[in-house]
Every structure is written in C-alpha cells, then in structure tokens.
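Engineer: Chain residues, written in single-letter form:
Number of protein chains: 2
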Amino acid sequence: MTKTLHDLGEFPLIEKIRQFSPWKKGEVGIGDDCAVIPLGRGQVQLVTSDSLVENVHFLRQKIHPFDLGHKVLAVNLSDIAAMGGTPERAYLNLSLPADLSTSWLDQFLSGLQHLGKCYNVTIVGGDTTGSPGPIFINLVLQGSMEKKYCRLRSAGRAGDILAITGRVGDSHAGLQLILRQGELTNWEIVDHDFQFLIDQHHKPTPAIREGQWLAKQSGVHSMMDVSDGLQSDLQRLTQASKVKAIVSLDKIPVSSSLKKLAKRFDWNAQILALQGGEDYCLMVSVAASSFASVARSFERQFHKPLFPIGNLERLKTGETDGVHYIFQKQKWHPKANSFGHF
Amino acid sequence: MTKTLHDLGEFPLIEKIRQFSPWKKGEVGIGDDCAVIPLGRGQVQLVTSDSLVENVHFLRQKIHPFDLGHKVLAVNLSDIAAMGGTPERAYLNLSLPADLSTSWLDQFLSGLQHLGKCYNVTIVGGDTTGSPGPIFINLVLQGSMEKKYCRLRSAGRAGDILAITGRVGDSHAGLQLILRQGELTNWEIVDHDFQFLIDQHHKPTPAIREGQWLAKQSGVHSMMDVSDGLQSDLQRLTQASKVKAIVSLDKIPVSSSLKKLAKRFDWNAQILALQGGEDYCLMVSVAASSFASVARSFERQFHKPLFPIGNLERLKTGETDGVHYIFQKQKWHPKANSFGHF
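If you're matching them up, the sequences are chains A and B in order.
Here the numbering used here is used: position 141 in the first sequence is 141, and no number is missing along the way.
Here the numbering used here is used: position 3 in the second sequence is 1003, and no number is missing along the way.
Please keep in mind that the hints were generated in silico from the structure rather than gathered at the bench.
Treat the hints with care, as some may be off.
To be verified - Each computed DSS-like pair below joins lysine-lysine, with the alpha-carbon atoms no more than 27 Å apart:
| hint | chain 1 | residue 1 | chain 2 | residue 2 |
| --- | --- | --- | --- | --- |
| 1 | B | Lys-1016 | A | Lys-117 |
| 2 | B | Lys-1259 | A | Lys-147 |
| 3 | B | Lys-1251 | B | Lys-1331 |
| 4 | A | Lys-3 | A | Lys-117 |
| 5 | B | Lys-1263 | B | Lys-1304 |
| 6 | B | Lys-1259 | B | Lys-1147 |
| 7 | A | Lys-16 | B | Lys-1003 |
| 8 | A | Lys-3 | B | Lys-1062 |
| 9 | A | Lys-203 | A | Lys-263 |
| 10 | B | Lys-1203 | B | Lys-1062 |
| 11 | A | Lys-242 | A | Lys-117 |
| 12 | B | Lys-1117 | A | Lys-16 |
| 13 | B | Lys-1147 | B | Lys-1203 |
| 14 | B | Lys-1062 | A | Lys-16 |
| 15 | B | Lys-1335 | B | Lys-1244 |
| 16 | B | Lys-1003 | A | Lys-62 |
| 17 | B | Lys-1117 | A | Lys-62 |
| 18 | B | Lys-1260 | B | Lys-1203 |
| 19 | B | Lys-1242 | B | Lys-1304 |
| 20 | B | Lys-1203 | B | Lys-1244 |
| 21 | A | Lys-263 | A | Lys-329 |
| 22 | A | Lys-216 | A | Lys-259 |
| 23 | A | Lys-244 | A | Lys-148 |
| 24 | A | Lys-203 | B | Lys-1016 |
| 25 | A | Lys-117 | A | Lys-244 |
Claimed, not checked - Partial chain A-side listing against chain B, Cβ under 7 Å, derived:
| hint | residue |
| --- | --- |
| 26 | Lys-3 |
| 27 | Thr-4 |
| 28 | His-6 |
| 29 | Asn-55 |
| 30 | Tyr-91 |
| 31 | Gly-125 |
| 32 | Ser-131 |
| 33 | Asn-268 |
Since the model is a prediction, treat every value here as computed from it, not as a measurement.
Backbone N, C-alpha and C fix where the C-beta goes; we use that ideal spot for every residue, glycine too.
Work the whole structure out from these sequences, hints included.
Structural biologist: Structure, rendered in structure tokens:
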C-alpha cells in the first residue's frame, strides 16, 4: 500500500523537509518559531511564515474577511513575539478563486492593514494567483532584533519555572461555538461570553510587546508561542530543551467565559485549555530565582498576571524528554493529543 | 451584480494590494521582480515569492514531482536573476492533501534540493498544512547584492536597445504539447524536439549568472525576467520606465524545435513566442552606444547571443506608454494579450 502524508503525520513531514536543508553557520532554521538569520553588528533578521487554507483553517461562510485579514497577520506576529522581535514587513501570497467578490478582498485587505498599522508592518511583496476552488492565504513576515535578546525554545533549563502570558482554551472553545451555531438560540449568540470566545478564535491578539519585554529579562531562558495547543507546544519545548516538564493541570488559567460555556456544553474546561489550539499567548521558562520578580514586573507592566503552570526538571538516565501532568496532586495522563493538520 | 476577481483581473488586484501598503524609504516594493530592502553598508536584501497551484499552474498527472520541485525554485531564482542578485535561502510553504503519497513528497523535495545545491540555496523555514484538495506550493526566496548594481525595470531610457538573453515561446509550446499528449503518436512523443519543448516548460533554467554579469555592465540600464510572456512583460517595462518600445516581431528569436513543431500544428511561431509565458530568460535595455560591446562580451562569456529585439523611445506629448510592433517593415497589432490567472 502506498504510504500517504496522512500516514506520515505533520511533524515527520517537517522533519523530512529539514533533512533536505542543512542551514548555514549561525542560522537557526526549521524548528523554532522563526528562522534567525545573522545580519551583522549584533542584529538578526527573523522570518516566519503561516498559511490559512479554506476548509482546513477556516470556513468562508463563518469568518468575516476583515477578521481573516487580521488573523493571518496576527498568527505571524505571534511568531515574531515568541522570539522577542520587532515585526517589519510582510509578503502576502494569495491563491483565490475567480468567482470571489472584490468586496471580500477589500475587507480582507482592510483587516490586514488595520492590524499592520498597529505594528508598523507593510506588505512589500508576495504573489497572487488563481485557485481551482479553496482560498489559500500565506503570509511571510520579517522582523529583526538584537541577537543577544533572541529567546529560543531550546534554551529551557532544569529548575526553570514554566509560565504562560494568558488564559488558554478560549480560541478552541470559540471554534466549537462557530461550528455549532445552528444548534444555538439567538439569545445565546448575542451573549457576551459567546462573542468573547468567538472573537478569541477569529481575532487573536499577538503578544508582541510582552515578547519584547520578556526577552530582555535576564531570568527568561526560553520562549515560544502557544499556537498548536499547550499540550503539543509543551512537548516541543521539552524536546528542544532536552528536559522534562512537570505541569499542574489545575494551574492552567482558564477564562470565566470558558468556564461558563464549559458548564453549558458539558466540556472539561481544563482539558480544552490543554488540548485546544490557536491561543497565541507566550510560554516562557524562567530561572526559579528570578520568577517572582519577573512576574511582579510583568504584572505592573501589562496589568495582567504571568501564570506559572509548572517547572522544568533534569532528565534521569534512560528517561526521554516529555511532559508529566499533575491533577489534584495525583499523576494524570492526557488521553488524546491536540489536532494535527493531516 | 457582485464584482468578482475575474472581472477585476490580475494586475488591478496587485494594484489593490499595493495601495494598502505604502513601503518605507529606500525600499522597493510590489512592482519589480523582487522587493529590495536596504541592509546598510551598500548591500540590499532581495525577496521574491512565487506560487504553483495544482490545476492552475500544473496538472499532477502531467508533471513529475522532481520537475515540480525544480520548477518552483527555478521561477523564484529567475526573479533574483532579474535584479542581478545572488540567491541565499528559501522558505517553503506547502498545503498538501492527506492522500498524497510520501514518495511524491520525497521526489518533489529531491528536485528542489538538486537545483538548490547548484546555487547554494537552503530551505530555512516555511509552513506545512493540509489542503482540502489541490496541491498548493509557495516558495519565498531571499538573496542579496550590492545596491549599486541593482537593476530595476523602471530604469529603461529612451534610446536604449531592448534585448533578451534567450529564445522565447518554447515553454508555452511545451505546455501545448503536454495538454495534447492524447492526440500525439508514440513516435512524436519520443522525438527530440518534443522532449526539448516539454523540458523547457517543466524544467526552466534560471539565468542567475547572466543576470549577475549583465547587472555589472554600466551600459545596462533596466532588467527584468520574461515570465508572464514577452508581450505582457514589454508592457510592464515600458510602463515602469515611462517610455515606449518599438519591437520587431521578426527579430524575436525562436528555437528550431519550436519552428518545426509550429509547422506540424499550424501554429504561428512568432506570435506564440510573443504571447506565450514562462520563458524565464532576461530582458535588458542597454545604452545604444554600449550595446555592440556588451553583446560581444556576453556572447564570449555565455556562448550564446544577446538578442536585440527593438528599442525604447521617448513618449511624445499626449502619448501614453506602450509597445509598438513592426512585422516585415509594417506596423502590426497583436490581437490578444497573454494569459491571465483569473
């Protein structure tokens, strides 16, 4: 039987591409949030790329084109945030069906421009082509920063405290609501908590300023964005840093809106927060001795807490990297992994 | 009636994106072969992006994945060549259906790697996602060069001689043969000329070294690659340079293979050469006083001619930019424009 990409899975596919591409000295390539290219004089260029494909990442009838324009830039900004960098310019690649309305395009570009203005990002290139059906959107974003502040996901150290910059699970709960809209009453649809969760899915806020601030704190060792789901991203951080993580499920912060809706739909809010994706907050590992002071300054700076969720530990002999969960002081095993694309 | 992208057309669509994106001082954005970003110390970074979409740019059953991997890099290399730059690194964005075989992917990556090795290009990032059907491939390529040698398409001057670095029309003839394969005899399919034309379509050769050499000749004012078809690209060069072009249809160079096949299928080889696309040779405008010496040195360097096809002239008052054709010493008007994507 022919082996397909479905059999292979997403991460082995990325590994395959990586094997074809040894990068040059001083460059960080596939595997972190951004590629890191030395520019000289202590500066590096950051480059990241994200695609949104109709019927894979979004449904045309369910998302306003303005929000989609916002989202494609926001998810890329989040990767620049995850290194601690400053975004600069974008390359927009669109493959669009010929029967798409020009007003759809205008609104899409407006959403992109609106968010771009907030961060001084301009579109300087890209490619536009037809599509035989689905809308394909890809955005490549360049940024830059001082090399010494660049925070890689491979720099986590045993003893570090793991923390995240925001509540998780809202975006995935929002997606569930979008998919169930037919079952909902009109009253529910106008409810504040419903709208809040749907907005978290459609219009995520990239943590650019948080990332820049955190990268400059000497106690912050590693940083990445929470995009594929906390569970999956925890796995990647521990793999890259060659450590294990001990995470308390009870400590993973969840919004009051998510709690309320979880009750309504009989969801387990903590598991949804762990396994949902597209949160776009940041995850950091911070030297234990610095954590209290970093967290205090973070809260003063951004008027929101830095949430500790666990810590990193040294691997014992024979132990492979991984994530160990604790729930109500007991060991706990998650059943399924978060969502793959294939 | 709702206005669609089909009604709008490709170039107004690009213009729409450009309007949303004023670029920063010293940057060249949408409108040339590459975006040009100042790096300081007299250097610029070049960035280009090209997408290949199944059933728009290729048919999965008609192109070997190795050739497709070659082609997606080659078309991007051609844009770097058009500025006179040196290619450096690539970002590969793939949206692939789950039922695609892993051997397809391996061969695709092999084709990409094989050409990448010739020019020292590595893949350092990108994004991989699923697709609901068609294969969507995008590649973003970075390069660099000394700013003083950068050749824009807007730098053509009245009096310049227009020339191209290769014969045109072969790729489009190859595409016609690929689409007609069912009608062809086995004898025709193995014929050298058939294979040559199909190869020109599937495995174009980017003119990197020619571009670097031409950019360093002081008589060479403007340069671009011939990718959308000579007729369309001539229009863009004259628009960007605010001049008109006088082009002799008889002088447009055509290969002996194309001449032979044109006879067989009753094609007009000159019109096919003018209106076909994906040639990926370079077009330059050269100061008339330098042309003879540049052409002589080019031929010595690359063992092939630099083909003069016409010249640039000043616009008279009230005249808009444009291209005027001469065929057998008579004025001649092309009937249809080359192919748009929408």
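Engineer: Now, for every hint given, state plainly whether the structure supports it.
Structural biologist: Results for each hint:
no., hint, in the structure
1, B/Lys-1016 with A/Lys-117, "17 Å, holds"
2, B/Lys-1259 with A/Lys-147, "57 Å, violated"
3, B/Lys-1251 with B/Lys-1331, "14 Å, holds"
4, A/Lys-3 with A/Lys-117, "45 Å, violated"
5, B/Lys-1263 with B/Lys-1304, "25 Å, holds"
6, B/Lys-1259 with B/Lys-1147, "41 Å, violated"
7, A/Lys-16 with B/Lys-1003, "43 Å, violated"
8, A/Lys-3 with B/Lys-1062, "21 Å, holds"
9, A/Lys-203 with A/Lys-263, "24 Å, holds"
10, B/Lys-1203 with B/Lys-1062, "13 Å, holds"
11, A/Lys-242 with A/Lys-117, "39 Å, violated"
12, B/Lys-1117 with A/Lys-16, "17 Å, holds"
13, B/Lys-1147 with B/Lys-1203, "30 Å, violated"
14, B/Lys-1062 with A/Lys-16, "25 Å, holds"
15, B/Lys-1335 with B/Lys-1244, "19 Å, holds"
16, B/Lys-1003 with A/Lys-62, "21 Å, holds"
17, B/Lys-1117 with A/Lys-62, "44 Å, violated"
18, B/Lys-1260 with B/Lys-1203, "21 Å, holds"
19, B/Lys-1242 with B/Lys-1304, "30 Å, violated"
20, B/Lys-1203 with B/Lys-1244, "33 Å, violated"
21, A/Lys-263 with A/Lys-329, "23 Å, holds"
22, A/Lys-216 with A/Lys-259, "34 Å, violated"
23, A/Lys-244 with A/Lys-148, "26 Å, holds"
24, A/Lys-203 with B/Lys-1016, "23 Å, holds"
25, A/Lys-117 with A/Lys-244, "40 Å, violated"
26, Lys-3, "5 Å, holds"
27, Thr-4, "5 Å, holds"
28, His-6, "4 Å, holds"
29, Asn-55, "4 Å, holds"
30, Tyr-91, "5 Å, holds"
31, Gly-125, "4 Å, holds"
32, Ser-131, "6 Å, holds"
33, Asn-268, "27 Å, violated"
Against the hints set out earlier in the document, violations occur for numbers 2, 4, 6, 7, 11, 13, 17, 19, 20, 22, 25 and 33.
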